[in-house]
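Trainee: Sequence:
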Amino acid sequence: MIAYAAGTGISSNLTYFSTFITGVGGLAKSAITVLIALAVVVLFWGIVKYIWGGADDTAQAKNLMIWSVVAIAVMISIWGLVGLLQQVFLGGNAGTTPEAPGLPAMESGADVDFGTDE
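To convert a position in the sequence shown, counted from 1, into this note's numbering, add 56.
Derived from the structure by calculation, the hints contain no laboratory data. For glycine and all other residues, C-beta sits at the position ideal for the given N, C-alpha and C. Since no wrong hints were added, every one of them can be taken at face value.
What follows is a list of derived Cβ distance ranges for each label pair:
(1) Met131 - Phe76: 20 to 28 Å
(2) Lys85 - Thr114: 31 to 39 Å
(3) Leu137 - Ile103: 27 to 35 Å
(4) Gly147 - Val80: 21 to 29 Å
(5) Ile134 - Val97: 17 to 25 Å
(6) Val80 - Ala129: 21 to 29 Å
(7) Leu141 - Gln116: 36 to 44 Å
(8) Ala129 - Ala87: 17 to 25 Å
(9) Gly109 - Gly147: 45 to 53 Å
(10) Leu141 - Thr71: 23 to 31 Å
Below 25 Å or equal to it, Euclidean Cα-Cα: the simulated SDA-like pairs (lysine to any residue) are:
(11) Lys105 - Ala95
(12) Lys118 - Ser133
(13) Lys105 - Leu120
Please model the complete structure; the sequences and the hints are all you need to start from.
Mentor: Next comes the structure, spelled out in structure tokens:
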């Protein structure tokens, strides 16, 4: 015979599991944002090395730029694939895309102060 203490059981375990999955999803979203930003920084670093580098640096800079563009293309392709799989298996409106990772949404009509004085 199995006895459960008060407040435990299958529903309680599902709540913990749901909280864990939500936390992992938030961590993955942050990691993806950092990886995309890092790939863009590496691309620009390759451009800088190509422009101001010597003869030896140009070959390395070309290689750096090629691999950073490949990394960005792979990450964006996977993002699109996730959106397609969400539509196919979870349903949804046609033409929707997954939320961009880590980009804050602005409320419509929100006042933004850019520090300019008039």
